[in-house]
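With the hints as constraints, model all of the structure from the sequences given.
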Amino acid sequence: MAITITESSAKHWALRFVGVATLAGIAIYFASGAAPSTLGKITEACTLAIAAIALNLLLGFNGQISLGHSAFAGLAAFTAGYSVNAWHWNPWLSLLISCAVCFAFGMLVGLPALRLKGSYLALVTLAVAFVWPTVARKFLNQTVKQSTLTGMKLKPPTWTGLANNRADRALFLFWLSITLLIVAYVVVRNIRKSRIGRSLVAVRDNETAAAVMGVNLPLTKTITFGISASLAGLAGWLTAAQLTTLDENSFTILTSIKYLLALILGGAATLAGPVVGAFVYYFVDDLLKTNAPHWDFLPGPLSNGPVASFLLGAVVIAFVFIAPTGFVGLIKSQTRRIAIVVPRPLRHSTVAEASVEESESP
Amino acid sequence: MTMLEANDISVTFGGIVALDGLSFTIDDGQICGLIGPNGAGKTTMFNVISRIYEASSGQLTFRGHNLLKVPAHRIAKLGVARTFQNLALFPTMTLLENVMVGAHSTGTIGFARSTFRFGTARAERALRDEAGDLLFALDLDKLAFHPAAGLPFGTLKRLEIARALAAHPTFLLMDEPASGLTHSEVDELSDTIKRIRDEFKLAVLLVEHHMAMVMNVSDKVIAMEFGRKIAEGSPSAVQNDQRVIDSYLGTSS
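Top to bottom, those sequences are chains A and B.
What the first sequence shows, in the numbering used here, is residues 1 to 362, in sequence order.
What the second sequence shows, in the numbering used here, is residues 1001 to 1253, in sequence order.
No lab work stands behind these hints: they were computed from the structure.
Hints may be right or wrong, so weigh each one.
List time: in silico BS3-like cross-link candidates among lysine-lysine, alpha-carbon distance up to 30 Å [claimed, not checked]:
(1) A/K193 with B/K1077
(2) A/K193 with B/K1142
(3) A/K155 with A/K138
(4) B/K1069 with B/K1220
(5) B/K1229 with B/K1069
(6) A/K332 with B/K1229
(7) B/K1194 with B/K1142
(8) A/K153 with A/K138
(9) A/K117 with A/K193
(10) A/K41 with A/K117
(11) B/K1069 with A/K117
(12) A/K117 with B/K1229
(13) B/K1229 with B/K1142
(14) B/K1229 with A/K11
(15) A/K332 with A/K11
(16) A/K332 with A/K258
Now the stretches of chain B that chain A is said to cover, found in silico as 3 or more residues with beta-carbon under 8 Å [claimed, not checked]:
(17) 1103 to 1109
(18) 1115 to 1125
Model, not experiment: these values are computed from the prediction.
Every residue gets a Cβ at the ideal spot worked out from N, C-alpha and C, and that includes glycine.
Structure (structure tokens):
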């Protein structure tokens, strides 16, 4: 018999505390001993997680698909890189500006989304993703007059006590990416658990009914697109903080597909899904890329590079069959036998225990 | 007092006339039945009032507001709520959340406050309590945390009513609430409709084919055929109207 824990009870808080403490412990463990290259990888995984969270808000909760999120990330990265290098802006100011630019641009791209749905919307946003590298190349050729844009060269602030060398910079970026990941997670969690969050899901489930309930469809959809784009911008800015040089190939349609895969693997429309999915995707990909070239037993054409992407594809396909609701769905269905978190009972409830099947609260 | 006044409402869909100069009024607290054969334009009238369809001509006044100028999402705030003929629930959401979305128009917390969770706790708690009360009122509380998908039709019909009531409406539109219900559920529904009218002090416009129920609950009945009104009056008057008998009710020999 599974242990029943009521939401927001002392037990639930204890469970949450243990969970957060474990995650913090893992982060501190890596920060205190891992090589800069490992920290760099975790930073990249966090960046992917932020982008997947952004896509989750739009696709998972609001039901609007976007393949254009690579363009938003690219726009933010270029805004940050250019404003810091050419205009000598403070990088932290460029973070705010990048997100604001992405918010505005996201609302703009969200406008056609008011009339389009499903695969048609996918096509429009696909076009945005395709156009971005060309725009970026033109910008590099004509404005920057170089083949690449220099990254932000983000230095650890003095209060951190970190020096400006490779190891300390990696450590700083590691903590920074975790902080921004928490920010993105909390923003989406807050939205989901609010009046607005319910209206987003209502729009996804049944637009007509949502409108009759008083949900302003155009406003809700465009602002959601804007917030999602600005969260993708957060990921883009973080990329610009990591890379020494940026060019048009840093953010292509493949980047968007990576965001989408991470989200689907982890579990769309769950809060933890995009984070778990991003880490699983990133490290499975990394593992295969590192090890596959050494697998001499594979026949000729497979024995080198391509086998890694081939296997990654196979893993993704297999996983979608094993766990159609994503990694988080799989974990939930397994841990259900041990412990289950149930919502607080209703006021004046005469029923001892309301039956709980699926409630979306971690 | 007159609450809703429809004056000469017409709707055409590319040459097909769905409503042809329909006029009627509904008073405060009145239960008004709207009957007629399939295709008479009953659901079209519903969709005009809830602003899903545009009227081609005519006036529609609700408590002094020109309803034809109000966007669909403002209707709820004015006090008009509805249920749908073939269910338009939010299948992935729990019953509690469905009812909480029903109260969307009563809330004021927008994107900014939601994002930063700025002073939202009290409103959330009040909303949850109130939605829970509505679930109790319609005997849905045992399923509060169950997603709407996959529940029996009769249960979901009740959920539609609970969700509509969450908006604090003064005017409730019910599109065939009895369809698909068993005999005992229909009797229960008649009582429920009268009970919510008295408890929540609202007027009801009821589209229904279940004649026994319409005649039982309605204060007034409007009969329609081919987009036009053919009779209006007390249930017994409409029931005995020759045109209504000829076109819709038929003779029970």
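Hint check results:
1. A/K193 with B/K1077: With a Cα-Cα distance of about 22 Å, the restraint between A/K193 and B/K1077 holds, given a limit of 30 Å.
2. A/K193 with B/K1142: 22 Å, holds
3. A/K155 with A/K138: Given pair A/K155, A/K138 holds - Cα atoms ~29 Å apart, limit 30 Å.
4. B/K1069 with B/K1220: 28 Å, holds
5. B/K1229 with B/K1069: 24 Å, holds
6. A/K332 with B/K1229: Status violated; Cα separation ~56 Å.
7. B/K1194 with B/K1142: 23 Å, holds
8. A/K153 with A/K138: Judged against 30 Å, a Cα distance of about 23 Å means the pair holds.
9. A/K117 with A/K193: Given that 30 Å is the threshold and the Cα spacing comes to 25 Å, the pair holds.
10. A/K41 with A/K117: 36 Å, violated
11. B/K1069 with A/K117: 27 Å, holds
12. A/K117 with B/K1229: Violated - the C-alpha atoms of B/K1229 and A/K117 are around 38 Å apart, more than 30 Å.
13. B/K1229 with B/K1142: 43 Å, violated
14. B/K1229 with A/K11: Not satisfied, since the Cα-Cα distance of roughly 62 Å exceeds 30 Å.
15. A/K332 with A/K11: With a Cα-Cα distance of about 18 Å, the restraint between A/K332 and A/K11 holds, given a limit of 30 Å.
16. A/K332 with A/K258: 24 Å, holds
17. 1103 to 1109: Result for this restraint: holds, n = 4.
18. 1115 to 1125: holds (count 6)
Comparing the model with each earlier hint shows violations of hints 6, 10, 12, 13 and 14; every other hint is respected.
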